[in-house]
Amino acid sequence: MGLADLFRRRGTGSIAKDRLKLVLVSDRAGCSPEVMEQIKNDIIAVISKYIEIDLDGLDIKITQTESEIHNGSVPALFANIPIKDMKASKK
Amino acid sequence: MGEVIVVTSGKGGVGKTTTTANVGTGLAMLEKKVVLIDTDIGLRNLDVVMGLENRIVYNLVDVIEGNCRIRNALIKDKRYPNLYLLPSAQTRDKNAVSPEQMRKLADELREEFDYILMDCPAGIEQGFRNAIAGADKALVVTTPEVSAVRDADRIIGLLEANEMNETYLVVNRLRMDMVKRGDMMSSEDVMEILAVDLIGVVPDDENIVISTNQGEPLVGSDSLAGRAYMNISRRLTGEDIPFLDLNERQSFFGKLFGKRKY
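As they're listed, the protein sequences go chains A and B. Just so you know, we're using the numbering used here here: the first sequence kicks off at 4 and counts up by one. Just so you know, we're using the numbering used here here: the second sequence kicks off at 3 and counts up by one.
Because the hints were derived from the structure by calculation, they are not lab data. Glycine is no exception: its CB is placed at the ideal position from the N, C-alpha and C atoms. Incorrect hints may appear among the rest.
Here are the simulated SDA-like cross-link-like pairs (lysine to any residue), alpha carbons at most 20 Å apart as the crow flies [as the list claims (entries may be wrong)]:
1. Lys43(A) with Gly60(A)
2. Lys24(A) with Glu5(B)
3. Lys24(A) with Leu200(B)
4. Lys35(B) with Leu200(B)
5. Lys64(A) with Asp21(A)
6. Lys24(A) with Asp199(B)
7. Lys13(B) with Val28(A)
8. Lys139(B) with Glu5(B)
9. Lys24(A) with Lys139(B)
10. Lys20(A) with Glu5(B)
Not close to chain B: a few residues of chain A, all C-beta gaps over 10 Å, as computed [unchecked claim]:
11. Leu23
12. Val26
13. Glu37
14. Asp59
15. Gly60
16. Ile65
17. Glu69
18. Ala82
Make the full structure from the sequences, and use the hints.
In structure tokens form, the structure reads like this:
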């Protein structure tokens, strides 16, 4: 491995750490990928009744966030739903 | 009154039995009266790691079922007279014993021993529930790999749900050379993910294989793993021991640039 590679290459240790953090969030919440998929589809169905959303840019996942009530982090449902057209679904 | 400590991990093959044998032997070397219990019914292993496989007459299930007295089933260690093993049964299954029976056994042994170490089977089923039933403390063994850490997290969650008061982490088989080049999670990384207090970091050491081949725990020897295990035993007795510098066998330049305490 050359010196240049040494700087460019990201250690696989940090990849492992990031992957673990993600998988543990859903493990700890007891939320399987199948359930997540159902939640996602239901959210899409509800929101699509009112506005047109960008399905490709849609991102729904469970993350950790600092709790406002008690100390420590709690799981949170994070949804980033880009809107294509506010008036799209006005019938 | 003795203390009951369960050594567990979730995932198999991360070093539960090796940790039980070495930490237990370390406690015996510190003049404590220790009994090691192999709770892995059907997959007996602690006896061969301790080198006591030829001395087994009775086992854990015999004691539970009342076929013999506890003292008839305990095997005295080859080297330390204050160290005993209660072997598991090889021809029975996990359902031969209940958590309630294990709790009762642990409480009886507390009267006579300073430390009772339970070597837990892999998994989260009956064998795990049996092993943790009577325990006051848990040592969760993991290696710095995604699968082992994920399983350790699950185990920690289950221990909490079972109202385990004290849970400590042992990071086993750490390779400092890989950590330094960024290709292995460090013990700090693992600790951060699992959010449990660290009680020991054991380097990957070929001497472990050599000592297991001979059936003699290497705790207390001059090898890095031997010293790391002795430190865990000392910390369990309440001593405040700094973490080993796992870099110390490195070259001068390695020392100069990469010195981190573990």
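Right, here's what the structure says about each hint:
no.	hint	result
1	Lys43(A) with Gly60(A)	holds, 13 Å
2	Lys24(A) with Glu5(B)	violated, 34 Å
3	Lys24(A) with Leu200(B)	holds, 19 Å
4	Lys35(B) with Leu200(B)	violated, 24 Å
5	Lys64(A) with Asp21(A)	holds, 15 Å
6	Lys24(A) with Asp199(B)	holds, 18 Å
7	Lys13(B) with Val28(A)	holds, 19 Å
8	Lys139(B) with Glu5(B)	holds, 8 Å
9	Lys24(A) with Lys139(B)	violated, 26 Å
10	Lys20(A) with Glu5(B)	violated, 34 Å
11	Leu23	violated, 5 Å
12	Val26	violated, 6 Å
13	Glu37	holds, 18 Å
14	Asp59	holds, 29 Å
15	Gly60	holds, 29 Å
16	Ile65	holds, 15 Å
17	Glu69	holds, 14 Å
18	Ala82	holds, 25 Å
In this structure, the hints that do not hold are numbers 2, 4, 9, 10, 11, 12, in rising order.
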